[in-house]
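Q: Here is what each chain is made of, one letter per residue.
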Amino acid sequence: MEGEMKDLIILGAGPAGLGASIYASRYKIDHIIIGKEPGGYLNEIHRIENYLGFEAVSGIDLGAKMRAHVENLGVTLQQETATKIEKIEGGFSVITEKGTYQTKKLLYTVGTSPRRLDVPGEKEFFGKGVSYCSTCDGPFFRNKKVAIVGGGDSAAMAALMLAEYAESVVLIHRGSELTCMPIYLDSLLTNDKIKIEYSKSISKIEGENVVKKVILKDNDGIEDGLEMDGVFIEIGSIPNQKMLLELGAEVDEKGFIKTGPNQSTSVDGIYAAGDITTNSNGFRQVITAVAEGAVAAVEIFRKLKEK
Amino acid sequence: MALEFNDGNFEKEVLENEKPVLVDFWAPWCGPCQMMGPVIDEVATEIGDLAKVGKLNVDENQESAQKYGVMSIPTMIIFKGGKNVKQIVGAQSKETLLEELKKV
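So the protein sequences, as listed, match chains A and B. Here this note's numbering is used: the first residue of the first sequence is 119, the next is one more, and so on. Here this note's numbering is used: the first residue of the second sequence is 208, the next is one more, and so on.
Rather than coming from a laboratory, the hints here were simulated on the basis of the structure. A quick note: this is a predicted structure, and the numbers were derived from the prediction, not measured. Some hints here could point you the wrong way.
Calculated pairs, DSSO-like style, for lysine-lysine (alpha carbon to alpha carbon, straight line, at most 27 Å) [to be verified]:
id	chain 1	residue 1	chain 2	residue 2
1	B	K287	A	K241
2	B	K310	B	K290
3	A	K263	B	K274
Bound conformation, chain A alone (with noise of 0.2 Å):
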């Protein structure tokens, strides 16, 4: 594989880049896809009822069906971390722990990692009742007491899926209304075992080899303890844009990769796609991300043609 160079590389294995892939497929571009984990950020979703063929789906299974997809199109998914990109003549090199691959063109399209809350306590508790993936370590709280921080889709969806397993379920929102989607409120009032706290935020994660109590701070500054088994953080996310910073990439205040209507970066040559870009006005779905996926496809099988 090593030294040959490709038309394209796809990097990330999420529903960006295995939905470009589809489309490169048929567009014919000589491509791989090299993703540490297939599937990405869908791995981590509980139930998916928003994509369009699928009323009820686990991220898994999806992100299972799209990489059965594109490899029964015969692409390649080389499973490995991509480190560092550099610009060489005519494309690009990627360098990964195994080796390095060069390309004409690049879609980078390798997503969010969770933001962290920055509170004392979180770094020290995690994995002994810190989590920030409620679908990996739910099942761990069976009948426990779990806090929940965020008021977002994910906060949301976490809440309601811990509430199967837990004793109790607290979700913990700085602001005073949850931003989340309005389906998913419904479902959240009228759960027994769901408590929200509004205006509320952890100062302080308290335990003793695992979490024990989190410190509830309001907006006047007063401090609550609750006991507490476990807490799942779900406050957002930050874009992986280390290596598109380093080629020089335009990103916005957030840290977002600066995208053109047809997927193009500030730096020639380079696409993107998924969560990590400014497009789809910010609303960062499965469905947005596969559909950036195929604009990034098309738009870089016109440039490979003009060539």
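Fit chain B to the known structure of chain A by using the hints.
A: Using the frame of chain A, we list chain B on its own:
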């Protein structure tokens, strides 16, 4: 290929082993664990005779997971002489795991 550990063989294969043993605690419902699967296999191949490397499905083997306080997966624990000498939470690279195994 990595070995398969379970509640039944844990004592003999892990705790009584003379070599360091790396155990990958995982479950089928955990996306990041699936990413670790092939990495653990590679660690097993590359470390050769220096250590034992295996996977334990926490869904089917809750006793071992509870005993070592696994509350987040993937978690990798390195055992030496029957003792937990290193516990690493979250997905890791092959290099990190090889390095940790060689250190103990």
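Q: Please go over all the hints and tell whether each is borne out by the structure.
A: Verification of the hints:
1. K287(B) with K241(A): holds, 26 Å
2. K310(B) with K290(B): Holds. K310(B) to K290(B) sits at ~15 Å (cutoff 27 Å).
3. K263(A) with K274(B): holds, 20 Å
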